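Given the coordinates of chain A, assemble chain B onto it according to the supplied hints.
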Amino acid sequence: NAGVTQTPKFQVLKTGQSMTLQCAQDMNHNSMYWYRQDPGMGLRLIYYSASEGTTDKGEVPNGYNVSRLNKREFSLRLESAAPSQTSVYFCASIFRTDGEQYFGPGTRLTVT
Amino acid sequence: GENVEQHPSTLSVQEGDSAVIKCTYSDSASNYFPWYKQELGKRPQLIIDIRSNVGEKKDQRIAVTLNKTAKHFSLHITETQPEDSAVYFCAANNFNKFYFGSGTKLNVKP
Chain A
1 NAGVTQTPKF
11 QVLKTGQSMT
21 LQCAQDMNHN
31 SMYWYRQDPG
41 MGLRLIYYSA
51 SEGTTDKGEV
61 PNGYNVSRLN
71 KREFSLRLES
81 AAPSQTSVYF
91 CASIFRTDGE
101 QYFGPGTRLT
111 VT
Chain B
1 GENVEQHPST
11 LSVQEGDSAV
21 IKCTYSDSAS
31 NYFPWYKQEL
41 GKRPQLIIDI
51 RSNVGEKKDQ
61 RIAVTLNKTA
71 KHFSLHITET
81 QPEDSAVYFC
91 AANNFNKFYF
101 GSGTKLNVKP
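For the protein sequence lines, the chains are A and B, in the order given. Going by my numbering, the residue at position 91 of the first sequence is 91; the numbering climbs one at a time, nothing skipped. Going by my numbering, the residue at position 76 of the second sequence is 76; the numbering climbs one at a time, nothing skipped.
Hints are computed from structural coordinates only; laboratory data are not their basis. The model shown is predicted, which means the values in this text are computed figures rather than measured ones. Any given hint could turn out to be false.
[What the hints assert, rightly or not] To give a feel for the contact side, a few chain B residues facing chain A, derived at Cβ under 8 Å: (1) Y32; (2) L40; (3) R43; (4) R51; (5) G55; (6) F98; (7) G101; (8) N107.
Glycine included, each C-beta is placed from N, C-alpha and C at the ideal position.
Chain B extracted, bound-state conformation:
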């Protein structure tokens, strides 16, 4: 099956700085890559996604890049705010199954 690795496991930034979270996947057949934000005690919520035929996607302060050759994708958050503090998960869809990274706990310091 697919294997998704996510780094770093924790990330602390100052408010206003940028944050970057990176994921790698193992199976070139994976074709859809969502990112989720999960606040403490809540359900995961989709924040951005990218399909395998696209290299980059942006939505306001959030962007995702995908490098199919290297099999890695990254989440970029600019101008971070305290409300961005949460755990972020990447995932890869491989033949209808979703495989998740282990998560990155982002702490934005005011």
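Next comes chain A alone, as it looks inside the complex:
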């Protein structure tokens, strides 16, 4: 039981490049989330998916797209990376919305 996994762990992009961050969970959770964490700040919700086939915007969705490929996988895509997207990205999943949220190990992204 691996929990929530994320790839890659680290990534450096040049401005304008694109990339996809991958997230998978093996706990049969319904809801999945993508957050970003900037230095000295809390987590801010980018997008979430309440169930397979559905996605919804969070607090800071601009510049990102997501895909809930199946119940296990939820990917985050940056189409044209900007320096303002330099951050640590966390994926999380939850079985029910008043239950424990499990986080992945994070992806540290730097955009130069």
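Only chain B this time, still in chain A's reference frame:
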């Protein structure tokens, strides 16, 4: 959307003392309030949570209180130890979305 404010941003206590971190939220529809501990370079980990139909919850040295009328909730850590040093985040769940406070860096001095 929901707005969660957290205070203080830093807190320094002597080992054995108590620590209290406070959060307020803006939307009375929020119904679930978790607290997370995050060590440097690690992922957030749930330490305690409380649902809106409960006023207080305790787990060993950690307790959380919720005042729905005033829309605030607090984390209490008693008998602090050096390993309690970390950043603590509160959060509120509002219609399936989680909103986080900005964090409190707790330093427990031996």
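Numbered hints the structure breaks, given as an ascending list | Result: hints 2, 5 and 8 break, sorted rising.
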